[in-house]
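Asker: Top line first, the protein sequences correspond to chains R and Y. Heads up, the final residue of the first sequence is numbered 473 in this note's numbering, and it's a clean run with no missing numbers. Heads up, the final residue of the second sequence is numbered 389 in this note's numbering, and it's a clean run with no missing numbers.
Because the hints were derived from the structure by calculation, they are not lab data. For each residue, glycine too, the CB sits at the ideal point set by N, CA and C. Take the hints with a grain of salt, since some may be wrong.
[Claimed, not checked] Partner residues aside, some chain R positions facing chain Y, computed with beta carbon under 7 Å:
#1 Tyr242
#2 Ala245
#3 Phe265
#4 Gly275
#5 Tyr276
#6 Glu416
#7 Ala420
[Said to hold, decoys possible] From chain Y, some residues computed to sit far from chain R (all C-beta separations above 10 Å):
#8 Arg96
#9 Glu102
#10 Glu119
#11 Gln142
#12 His162
#13 Ser187
#14 Glu230
#15 Leu309
#16 Ser314
#17 Leu323
#18 Glu335
#19 Glu349
[As the list claims (entries may be wrong)] Taking lysine to any residue pairs in the SDA-like style, the calculated list, with each CA pair at most 20 Å apart, reads:
#20 Lys350/Y with Asp418/R
#21 Lys161/R with Leu143/Y
#22 Lys350/Y with Ala298/R
#23 Lys324/Y with Leu194/R
#24 Lys292/R with Phe307/R
#25 Lys293/Y with Lys99/Y
#26 Lys161/R with Lys227/Y
#27 Lys292/R with Thr229/Y
#28 Lys99/Y with Leu143/Y
#29 Lys161/R with Glu349/Y
#30 Lys297/Y with Ala279/R
#31 Lys289/Y with Glu134/Y
#32 Lys292/Y with Ala279/R
#33 Lys227/Y with Ala279/R
#34 Lys377/R with Asp418/R
#35 Lys324/Y with Ala298/R
#36 Lys350/Y with Lys377/R
#37 Lys350/Y with Ala278/R
#38 Lys161/R with Lys293/Y
#39 Lys99/Y with Gly164/Y
#40 Lys350/Y with Gly269/R
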Amino acid sequence: MVKMSVDPAKAKDLQICASSNGEKGDSWEETDELQEDRPGLAAAPKQPKPENAVTIAVSTRVLFRTEREQKVFERHGVEEYLRYQIQHENEPFAPGPAFPFVKALEAVNSRLRQLYPQSEELFDIVLVTYNHAHVGIRLINTINHHNLFIERFCMTGGSSPIGYLAAWHTDLYLSADAQKVREALAEGIAVATVFMPEKQTEVSESQLRVAFDGDAVLFSDESERIFKAHGLDKFFEHERQNEDTLLDHGPLKGFLEALGKLQKKFYAKGQRLDCPIRTYLVTARSAASSGLRALKTLRAWGLEIDEALFLAGAPKGPMLEKIRPHIYFDDQMFHVEGAAEMGTIAAHVPYGVAQKRQAGK
Amino acid sequence: THILYGEDECGPREATRPPVLFFILRPQPKPENAVTIAVSTRVLFRTEREQKVFERHGVEEYLRYQIQHENEPFAPGPAFPFVKALEAVNSRLRQLYPQSEELFDIVLVTYNHAHVGIRLINTINHHNLFIERFCMTGGSSPIGYLAAWHTDLYLSADAQKVREALAEGIAVATVFMPEKQTEVSESQLRVAFDGDAVLFSDESERIFKAHGLDKFFEHERQNEDTLLDHGPLKGFLEALGKLQKKFYAKGQRLDCPIRTYLVTARSAASSGLRALKTLRAWGLEIDEALFLAGAPKGPMLEKIRPHIYFDDQMFHVEGAAEMGTIAAHVPYGVAQKRQAGK
Numbered sequence: 113m114v115k116m117s118v119d120p121a122k123a124k125d126l127q128i129c130a131s132s133n134g135e136k137g138d139s140w141e142e143t144d145e146l147q148e149d150r151p152g153l154a155a156a157p158k159q160p161k162p163e164n165a166v167t168i169a170v171s172t173r174v175l176f177r178t179e180r181e182q183k184v185f186e187r188h189g190v191e192e193y194l195r196y197q198i199q200h201e202n203e204p205f206a207p208g209p210a211f212p213f214v215k216a217l218e219a220v221n222s223r224l225r226q227l228y229p230q231s232e233e234l235f236d237i238v239l240v241t242y243n244h245a246h247v248g249i250r251l252i253n254t255i256n257h258h259n260l261f262i263e264r265f266c267m268t269g270g271s272s273p274i275g276y277l278a279a280w281h282t283d284l285y286l287s288a289d290a291q292k293v294r295e296a297l298a299e300g301i302a303v304a305t306v307f308m309p310e311k312q313t314e315v316s317e318s319q320l321r322v323a324f325d326g327d328a329v330l331f332s333d334e335s336e337r338i339f340k341a342h343g344l345d346k347f348f349e350h351e352r353q354n355e356d357t358l359l360d361h362g363p364l365k366g367f368l369e370a371l372g373k374l375q376k377k378f379y380a381k382g383q384r385l386d387c388p389i390r391t392y393l394v395t396a397r398s399a400a401s402s403g404l405r406a407l408k409t410l411r412a413w414g415l416e417i418d419e420a421l422f423l424a425g426a427p428k429g430p431m432l433e434k435i436r437p438h439i440y441f442d443d444q445m446f447h448v449e450g451a452a453e454m455g456t457i458a459a460h461v462p463y464g465v466a467q468k469r470q471a472g473k
Numbered sequence: 048t049h050i051l052y053g054e055d056e057c058g059p060r061e062a063t064r065p066p067v068l069f070f071i072l073r074p075q076p077k078p079e080n081a082v083t084i085a086v087s088t089r090v091l092f093r094t095e096r097e098q099k100v101f102e103r104h105g106v107e108e109y110l111r112y113q114i115q116h117e118n119e120p121f122a123p124g125p126a127f128p129f130v131k132a133l134e135a136v137n138s139r140l141r142q143l144y145p146q147s148e149e150l151f152d153i154v155l156v157t158y159n160h161a162h163v164g165i166r167l168i169n170t171i172n173h174h175n176l177f178i179e180r181f182c183m184t185g186g187s188s189p190i191g192y193l194a195a196w197h198t199d200l201y202l203s204a205d206a207q208k209v210r211e212a213l214a215e216g217i218a219v220a221t222v223f224m225p226e227k228q229t230e231v232s233e234s235q236l237r238v239a240f241d242g243d244a245v246l247f248s249d250e251s252e253r254i255f256k257a258h259g260l261d262k263f264f265e266h267e268r269q270n271e272d273t274l275l276d277h278g279p280l281k282g283f284l285e286a287l288g289k290l291q292k293k294f295y296a297k298g299q300r301l302d303c304p305i306r307t308y309l310v311t312a313r314s315a316a317s318s319g320l321r322a323l324k325t326l327r328a329w330g331l332e333i334d335e336a337l338f339l340a341g342a343p344k345g346p347m348l349e350k351i352r353p354h355i356y357f358d359d360q361m362f363h364v365e366g367a368a369e370m371g372t373i374a375a376h377v378p379y380g381v382a383q384k385r386q387a388g389k
């Protein structure tokens, strides 16, 4: 039998610190009434409702450096892995490749809250992990150590997190596991595998910068298919003939759209020049021969992109090195690896005809 | 497996056991060894029509009606999938530990008069349930029996009785019918719990209600290393954990037929540590933990598809039922308005 002792004395003994956020003016009755029709702990206005926010689900393996722990798991199994994690509970993990991105999201949130204190149109970060709840303590310690504000956790204890992503209204999912990324993509979720850059590069702490490849990332892979099947000349011909036909959308179109929605909130307050979100198109397309279709499509979707680089095949690495995005999305591992070599945080979107394994199936 | 009953057949398979009474499919565990789940007929089966007869026409008419319809099995109620899943776990446990009595034991607890017993037994057999223990109280309160049955969990439809049982220190909840059909697993028992005022006491909710969210976060951080007091369903989670460990001991962690979930409105970074540290100090594992920081629970539960979800707040219970989750209300703690009004 369970003995339930509710000791109201505990509540009365609570000392009210002077350094708290100064609500001394509120009477007990006032606060109580406020909360009366709200369901307990769920009522806080601090966290936005997932459907209002731009929800970014991040895996622990890309938010933090967890290679050592991964090795323990792979070599010695789950019980030893859990023991190791518990032993090192008070040692925060080091930042991983998605860490600067998440920090930048929080910087944008600060600016948004200043301009729109009541709005729920913010970035919302959910930590999604296969980890067992035991590891939660080390993760929370790490989050607090780095001054991150991640309040939403989804610890699946070994089962697939893919099913939860829709429940969280996930707008973008960043993972280290290529297999899970492919599964999520098949479910229609905007997702990418994030890679560690091979050298340290500083990125902005005040302006979120997101760079996108065009075909098979923002747009569908229809044009790449023609290029692969019939070569470059046919590709140009096809693009010119279809100049006024919109391209179909790719997996990350929705995420660019979400960024654009937040950008407009800054423009509405006259902060276009100082906007803390900046987007970049870095495409191998040639401008004169195939650029029209891409730009007309973006315009028809009502999407703006701040900077557009038509490379006509020139290497993307140096461009990205100059841009220093917090993340760069590309569908081709060739470009992702090239970018990572030069210090860019690059993420692979395994979509479309460029995926060799898919072509081989 | 066959149902052996009748005077000609002897029950047990093991030759060493003494002959036992007929009606025994297999030996029933001693209540103190088993995890005893007491279930009311009104949540195990759909009995709304019969309830109406009772309310409108009184007990004599009700009994007549039941006897008339004796051979018509009741339809499954909200607790039916849960009980089926308990039996699936028992099958797995018996394979691994044939001699053990550490199993789920289901007791049908009902106000009903013994006349209705025939219809109940017909129903149980129709649905291939193995419920051998009945407690038919013919109108008097079953609460007193629950302790005698070493009840680890009591599922009822009657909010009043649930409150009485809670006051007696029994782990209990009122089960609600989900508003739409959802399929749940037939091979893996999934039980989801709210945190505060279900697994843990309601002490933190009291602070939140009295002083607001910031004070709550502050209090939780200051008391990070102080364990939370336990709530009404902590013991049941403990019982589930004990059975889970039996599977882990045989190398079946990944294939365990019991899975537990924490679905809490708590925020991870601001108030998660105390909850996780408390669970660990109690030696309780939970398989999946969702810290929602106020996000709606409905979509998460829809994904999990638990056989039952326990929450202390009707707001969450109703929200879950709307989305097809089998939700049960634990009327404990400061969130109960009526309790506050007394």
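Asker: Work down the list of hints and note, for each, if the structure agrees.
Answerer: Structure-based check of all given hints:
1. Tyr242: 10 Å, violated
2. Ala245: 4 Å, holds
3. Phe265: 4 Å, holds
4. Gly275: 5 Å, holds
5. Tyr276: Holds - the Cβ of Tyr276/R comes within 7 Å of chain Y, reaching about 5 Å at its closest.
6. Glu416: 30 Å, violated
7. Ala420: 36 Å, violated
8. Arg96: 33 Å, holds
9. Glu102: Consistent with the label, Glu102/Y stays out of reach of chain R, its closest Cβ about 31 Å off (over 10 Å).
10. Glu119: 38 Å, holds
11. Gln142: 22 Å, holds
12. His162: 32 Å, holds
13. Ser187: 21 Å, holds
14. Glu230: 14 Å, holds
15. Leu309: Given that some Cβ of chain R is not farther than 10 Å from that of Leu309/Y, nearest at about 7 Å, it is violated.
16. Ser314: 4 Å, violated
17. Leu323: Given that some Cβ of chain R is not farther than 10 Å from that of Leu323/Y, nearest at about 5 Å, it is violated.
18. Glu335: Glu335/Y is in fact no farther than 10 Å from some Cβ atom of chain R, at 5 Å.
19. Glu349: 7 Å, violated
20. Lys350/Y with Asp418/R: With Cα atoms ~38 Å apart, Lys350/Y and Asp418/R exceed 20 Å; violated.
21. Lys161/R with Leu143/Y: 45 Å, violated
22. Lys350/Y with Ala298/R: 17 Å, holds
23. Lys324/Y with Leu194/R: 15 Å, holds
24. Lys292/R with Phe307/R: 15 Å, holds
25. Lys293/Y with Lys99/Y: 44 Å, violated
26. Lys161/R with Lys227/Y: 24 Å, violated
27. Lys292/R with Thr229/Y: With Cα atoms ~26 Å apart, Lys292/R and Thr229/Y exceed 20 Å; violated.
28. Lys99/Y with Leu143/Y: 45 Å, violated
29. Lys161/R with Glu349/Y: 17 Å, holds
30. Lys297/Y with Ala279/R: Between Lys297/Y and Ala279/R the Cα gap is close to 34 Å, so the pair fails against 20 Å, i.e. violated.
31. Lys289/Y with Glu134/Y: OK: Lys289/Y and Glu134/Y at ~17 Å, within 20 Å.
32. Lys292/Y with Ala279/R: 30 Å, violated
33. Lys227/Y with Ala279/R: The given pair, whose Cα atoms are some 18 Å apart, holds under the 20 Å limit.
34. Lys377/R with Asp418/R: 15 Å, holds
35. Lys324/Y with Ala298/R: Given that 20 Å is the threshold and the Cα spacing comes to 37 Å, the pair is violated.
36. Lys350/Y with Lys377/R: 33 Å, violated
37. Lys350/Y with Ala278/R: 9 Å, holds
38. Lys161/R with Lys293/Y: 40 Å, violated
39. Lys99/Y with Gly164/Y: 19 Å, holds
40. Lys350/Y with Gly269/R: With Cα atoms ~15 Å apart, Lys350/Y and Gly269/R stay inside 20 Å; holds.
Hint compliance for this structure: hints 1, 6, 7, 15, 16, 17, 18, 19, 20, 21, 25, 26, 27, 28, 30, 32, 35, 36, 38 are not met, and every other hint is.
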